[in-house]
Structure formats: structure tokens, C-alpha cells
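Asks: Protein sequences, first through last, are from chains A and B. Numbering that gives the first Met the number 0 numbers the first residue of the first sequence as 0 and each following residue consecutively. Numbering that gives the first Met the number 0 numbers the first residue of the second sequence as 0 and each following residue consecutively.
It should be emphasised that the hints constitute simulated quantities derived from the structure, not laboratory data. Just to be clear, a hint being listed does not mean it is correct.
As the list claims (entries may be wrong) - Capping the alpha-carbon separation at 30 Å, the derived lysine-lysine pairs in DSSO-like fashion look like this:
| no. | chain 1 | residue 1 | chain 2 | residue 2 |
| --- | --- | --- | --- | --- |
| 1 | B | 59 | A | 756 |
| 2 | A | 613 | A | 293 |
| 3 | A | 667 | A | 155 |
| 4 | A | 98 | A | 358 |
| 5 | A | 722 | B | 99 |
| 6 | B | 59 | B | 99 |
| 7 | A | 722 | B | 105 |
| 8 | A | 150 | A | 722 |
| 9 | B | 59 | A | 720 |
| 10 | A | 708 | B | 99 |
| 11 | A | 98 | A | 24 |
| 12 | B | 105 | A | 756 |
| 13 | A | 54 | A | 101 |
| 14 | B | 55 | A | 667 |
| 15 | B | 62 | A | 720 |
| 16 | A | 98 | A | 287 |
| 17 | A | 436 | A | 22 |
| 18 | B | 99 | A | 756 |
| 19 | A | 98 | B | 55 |
| 20 | B | 62 | A | 708 |
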Amino acid sequence: MLIAVLSGIIIAALTPLIFRVMKEKASLLLSLVPVFLFAWYLSYYNRVANGEIIKEVSEWIPAMGINLTFSMDGLSLLFALIITGIGSVVFFYAAAYLKHDKYITRFYVYILFFMASMLGVVTSDNIFGLFVFWELTSLSSYLLIGYYFDKESSRKSALQALLVTGTGGLALLAGLILLYIITGTTEISEMLAVTGISSHELYTGAVILVLIGAFTKSAQFPFHFWLPNAMAAPSPVSAYLHSATMVKAGVFLLARLNPVLGGTEFWQNTLLIFGGTTMVIAAFLALKQTDLKKLLAYSTVSVLGTLTFMIGLGTETALKGMVIYLLAHSLFKASLFLIAGSIDHETGTRNVSQLSGLKSFMPFTAFVAIFAALSKMGFFPFYGFIGKETLYDAVLKSGSNEILLFSAVFIGGAVSGFVAITAGIKPFIGRTIETPKSPHEAPLLMYAGPIVLASAGFIFGLLPESFTGNIVEKTASAIAGTNIEYTIKLWHGFNLVFLLSVVTLVVAYLLYRFRTKFTNISIASGVGDFIKPSMLYDKSLSMMISLARGQTRLLQNGYMRYYIVLIVSTALGLTGYVLFTSVDMSVIDISFDITFSEVVILLVMIAASITAIKAKRRLSAIASLGVVGYGVAIIFIMYGAPDLALTQFSIETLTVILFVLAIYRLPKYLPFSNTTLRFRDFIIAAASGVMMTMIVLLVTSEEMVSQLKSFFAENSLPLAKGKNVVNVILVDFRALDTMGEITVLAIAAIGVYALIKLRMEGRK
Amino acid sequence: MYSVILKTATKYLTPLMLLFAFFLLLRGHNEPGGGFVGGLVAAAAYALMVISYGVKTARKELKYAPLSFIILGLSIALISGIPALLVSETYFTGLWTEMKFPVIGKLGTPLIFDIGVFFLVIGITTKIIFTLAEEDQE
């Protein structure tokens, strides 16, 4: 399973090469990747359907109990099949949709990367492995939303999605760490066996944090606003990430952790309330949309609310209904998004009021659209019908607050029907309206995939048990944590549920018939203006920017002298505090011998320092500082550190050369400081000198027991075959550190070059 | 700045400095020295050349751009850790041949790493010096 996940990432890395060799055919070749993966996951179907859970472990950071553990049960397999199945359709579709796009290579890199991360999320058993993949999906979603990077709105939406889901991701990480503290394991499969999780004192905190992660990802109220904005992405991306797969990752997480965290009133009610609120508010907001993709996006938010709501409901029927509805939604919503893309592509507009009578121009697309719309409406005998029936059934049997819960679900269902008619049927029937481009049928690749998806919705509806019975049963069991046995039936007879289903359709039609009125109500009710969490996002973002600007202005004002004062006094304050509060000063021993040569060197250094301060010209100041450095180097030699001395000599020499080269550019040497400032600087300089002296005295008075010193001295020759301990540490024992340091050096050199060159270019 | 004495001295000093730098690099594992100091001494040789002959000559004498030295040095250092991976040790574990050489001692991957450091230090120091000196000329 690791290879299945990684294959996407590896192929993503090779994609630019494949495009260079194969040119236009590359997109078709790459589209075979999800097809193969789909077939590969399908080969597990029988084993999973028989109740087997397949596990695979590859060590990653075994010391911390973090491994790439993959497990496949019904829930994982269902998601993996949705990801690769819809992925296949979307990949082929994009080959035609983005055929003439300059950046099609990037598109396939990003989307392959996304697919791999998403597969990682749904098959990971380790919570930290899951988290890593989770973040990777946010990252690839950011790149895909910002695909049309030359548009400012795209970039803004991409950033918004990244910040919202990224913040949620941080909360999720904290939640998962709490979960690890509670259960003592990082494997979800092992958590299932832990009892008493809900009575642990950290339980509430863990739940809240995990829910923030799931709610931001799955666009639950009040974090829903990023999803409609994410429609800035190309249509295949909207179909794939922002309706069928990535936005369901939050729902997936809730489902995955339901047997671990669920079962408490807190968990169930929170899901019920947030899911229900999202479902209803998004439905209201959907009523006033005229942009095809935004309309579908709000409807997606509403459905995501429904799925959360059903996990919150938690009964067996509810969980089964959730699984069926999730599968049905992935099929019809992906088709509808792709069709919206085709309409946009062939007519040049996405405004619903400008679209009518397209069926004679786009017969195949119209056929798919109507099929998908009927499934979305919950029309007999489509798969969506079964989903809606099971949902209604579950709510009516929930046992408390049925009326309230049912009215919420009913509103969601009716608006879903309204959206289906508006987005899937309306553009194709009626009289023809002039569109920006003269409409014609989309290329084969752009309707073949949606036909497969829409037909699946029809066939699954006709034969629900034989096609989806096993997987739905196993998925629902995985979510419940107990074994659920169930047979899906298309027809339950003329009962209350069926009646309500018919009423929903009627209401949906009425909503559509009098849509202008309802649109006005939606606008007038002010749901959109009154409840606007995106305002909070905008405000906190601008606050953060001004905070950053303010503190940069304060701390990074560009004056070297200011930086030095700040750095030295900070070091002074912190070290001084420790020195005076927690160190015993009485141990300082000042009875040591001092030789004549040492006195001479010291006097030279002191004289050089004073000259440096008093110097009237830069050159003499620099040369004096060089003398101080040479003095230090001589002390190194006297104390038996020839390596340090050698380095110090070379550095001092080069520093003086660099200074000399630099000072030509500097303005005339002028004293800026007055007496007060000089006095301040004197205090700081003297204090730091005194402190340094005290530290040195302290360190030398006490015999420090260091195991490192003897370790390196003893092992340098036998282990590292070198007598020069300093060098052995640098190139062998601590080679990785040195590697990091030389990389920093290289970057610093490039930085210096850039600073100087940019200034020179600017002057020209 | 024009000085016959400095120019003549530079002519004789630079090869000596470069030789010394190389010597420092090779003996580093057992005696004072090493890639870092060696690189600094070599760079000092080119700094001397910049002062007496100007940047153009120094650049010509260095033959390749300083950036190439940086890239070369970083790559050598990175690659020197790979042999350890091939014998399933952790990255950067030192490996040695059994043969002994005068001055160098045993040959091993840490020496290769040190050579990387040597080139990198030459690269960054000359890069900075050349850039600053070129700016002065304009």
C-alpha cells in the first residue's frame, strides 16, 4: 500500500520529463495512473468484503512510534475507490479541458501529488502518518486553487483555503497528540481496544481540537466560506478536490475516529448541531447563487453538513445512509461539476440565467447532466433516491426531536433538488439564449467520464445490493466500530418516507419555479450578510499583517548600531538574570598565575581596543580591531589550540580585506552620537565585557565534568582514524552539523551577492 | 593601486599559498589544518591577487566562477555521505581504506567531505570578495 501511495508522488516528480518526451499525449498516459490504481484497489475488494482488514507496516521514525502504517477496511477501500475512480474520470477530462493551457504540466504534477496524499489519508492507520498526508492535501489544494496564478482572486482564494485548512491542521495535530497521550498508542487500530477514553480528563480538549481540524477541512459552518471561493480553480479541480474527495477528508476523519471518540453526548450532539447548521445555512445561501459553480459549491457545503449530521445521529441506519449518500454524492456532484466546466468551456459563461436550451447543441452533455441531476434530486430509481430515503428513515427513527431534525434535513433535501434542477436540467431545456461563444458539443474525453459516473449512479440504484451492498455494510461497520448487517433495497413500498420523498421533489420544483422570489427572500433574510465568518477571517488577516509590519518597523529599522545595541543588551539581560539569580558566585577563584608574555599580549590588545574607539578614520579602526583579533589568536597558540589559532589568523586577515573593500562605498566617517548616547553605549559595552569575564572565571574555577571531552579524545583515533580531534569532530562525528553549516554559508554568500548586485542594478 | 613590489611578491606568494592551502587540507585529519582553514588560505591567495592585479585577473586565475566552486563543494560534501548508505550504515558514517599514506594517513570518506568544505569555502570567500571589489570599480 505504501507503494500505491508513493507511486503518485514519484510519477508527479517524473511528470515534467514525461511531458517533454510525449508532448500532448502525456496527459493521456498520466490518466492511466488512477485507472491502474483503481484496478489495484479493486483487487482487494473480495478480501475486504469478507471482513478482512489488511495491514502493512513500514518503519519511518520507529524511535517515536511513528511508522507508515497502512490498513485497509471497508471505509478505507470505499474512499480509495472513490479517489482513484473519480480521479480517472477527472484526469481524462482535464486532458481535453486544459489541452491548450500553457501550464498543463503543472496541473498534472499537482493533481498526482494530491491523489497520492489523499490515498495516504484514507489508508493510514498511524495518526501522525495520517496527519502528514492530511497537510499534503491542503498544500496541493492550495497549488490547484491558485492554478490561474495570474489572477489576483485565484491567489487570494488559494491563500484563504490554505490558511483556514492549515489552521485547522494545527488544531488537528494538537488533538492527535492529546489522543496519543490518552491512549498511549499512535495506531488507530490499537486505540479501538483502549477503554475509558471518554472519561479521561483530556477527552473534551482532544475532541474539540480534532473537530476543528475536521470542520475546517470539510467546510463546516463557520469555516465554510473558503469552499465557494475555491471555485477559482479549474473545473476538474473543483469536481475532484472540492466536491468528491478532499473536502470529504474531514468527514472521513470523523468517521474514522467515531469508534474511538464517539458514543458520548458531547461528540454526537456537537456533530449534530454543526452538521445541521451547516446544512441549513448553506442551503439558504445556495438559493441566491447565479454562478453555476458557486451554486454547486454551496450545495456541496450543505451535503457535507448532512454527512456530519448523520455521523452525529449515529444510529445504524444513519451511518448506512451516510455511506450511501456519500457515494451517491461523489458520483453525481463530480459529474455536475465537470458538466459545469464543459458548459463554461463551450459557451463562455457560467451564469445560470444566461443558459437555456443547450440540449440540441450538446446532446451527450445534456444526457449526463440530466442523469446526474435526477440522482441528486433523489429521483426513483437512482442511487441518490436510496440515499435520501435512508436519511429520512434514520431521522424519523432517531427517537428525539424528530420534527426539528427532520425539518433541517428536509430543507437540505429540497434545496439540493432545487440546485439539481437549476444546474443540471435548466441549462439544457427551454428556448435557446445567445451565449458569449456559440455553443457546440464538448470533446469526447469531456463527456465520456461523466457518462460513466452518471450511469454508475443509475446502475447502483437499480441493483444496490449486488454492486454496493458489501462495501456499504463494511464501511458502516468500520464507522460504528461494531458489525452492522444490512441489505440495501431500492423499493421499500408506499410508506411515510416515500411520501416525504415525493413532497421534497415537489417543493424543489416549486423553489425552482418561483426561484426569483426565493432568491429575493434569501437576499432579504440577510443570512449571507448577517452571518459572515469570512469577515472575521479578513479582519484577523489584516490585523496580523499590521502586527508584523509594526514589529518589523520596531525591531528591524535598518540601523546597524541599533541592532548591535539590541542584540548585546538582550544577551546581557538574559544571561545576567541567570547569572545573578541561580549561580553561586562564591566559587569564583581569582588566584591564578599570569605570565609576562600574557601581560604583554593583553596590554597590546587593550591599547588596540582604545585606538579602535578613538580612531578618526575607519581604516585605522579596522586595523586596530585586526590587532585585537591577532592577539586572541596568539592566546589560542599559547593554550595549545593551534587549529583555532590558524583559523582565527585567516579569518582576521580576510575580514580586514573585506572591510577595506567595503569601506570605499561608505559615506564619510562622521560621529552621529552625542555624549549621552556614548555614555549609554559605554555602559552596555562595559557591562557585556564584565559579564563575559565573569562567565569565563566561573567556568574555569569549577572543574566541569564533560563526558564529551573524554569521549572525543579517546575515540578520535580508534573510531575516526584521525589524531586532530577538532577536525575529526567537524568532518566525522558531527559531519551532518557541518553539512548544515556549510549550506548556510553558501546561502549567506548568495545573499551578500544578491544584496550588492541588486543595489548596483538599482543605481543604473 | 599600483605597486611593483606587491605585484612581484604576489607572483611568488600565490602559488606558495595555494600549495600550503592544499597541504593544510590533506594533513587536517591528524595535524592542525583541515578543509575550512585550507579554503580560507586559498581564498586569501586570490584576495591578494585582487589587491595587486585587480578583480579581472583574479577571476581569470580562478578559472571557474566562484558559484561553481560553491556548487562543487556542496555536492562533494553531500555525496561523501552516500557510500555509508551503500553498506547500510547511517548517512555520513565514515568509511576508510586500510592503506596508509604519508601526511594524509588513511584514506576515507571524511577526507572527501573535507575536500567539499575546502572548495565551498574558496567559493563563498572569493564570491564575496570579488563582488565587493567589482562594486568598488564601478
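Asks: Next step is simple, just say for each hint if it's right about the structure.
Replies: We went through each hint and held it up to the structure:
1. B/59 x A/756: 20 Å, holds
2. A/613 x A/293: Violated, at roughly 71 Å.
3. A/667 x A/155: Violated: residue 667 of chain A and residue 155 of chain A sit about 47 Å apart, past 30 Å.
4. A/98 x A/358: 24 Å, holds
5. A/722 x B/99: Judged against 30 Å, a Cα distance of about 14 Å means the pair holds.
6. B/59 x B/99: 37 Å, violated
7. A/722 x B/105: Answer holds: residue 722 of chain A to residue 105 of chain B is near 11 Å, not above 30 Å.
8. A/150 x A/722: Answer violated: residue 150 of chain A to residue 722 of chain A is near 62 Å, above 30 Å.
9. B/59 x A/720: 39 Å, violated
10. A/708 x B/99: 27 Å, holds
11. A/98 x A/24: 10 Å, holds
12. B/105 x A/756: Violated. Residue 105 of chain B to residue 756 of chain A sits at ~44 Å, over the 30 Å cutoff.
13. A/54 x A/101: 42 Å, violated
14. B/55 x A/667: 28 Å, holds
15. B/62 x A/720: 35 Å, violated
16. A/98 x A/287: 33 Å, violated
17. A/436 x A/22: 28 Å, holds
18. B/99 x A/756: Not satisfied, since the Cα-Cα distance of roughly 47 Å exceeds 30 Å.
19. A/98 x B/55: 50 Å, violated
20. B/62 x A/708: 43 Å, violated
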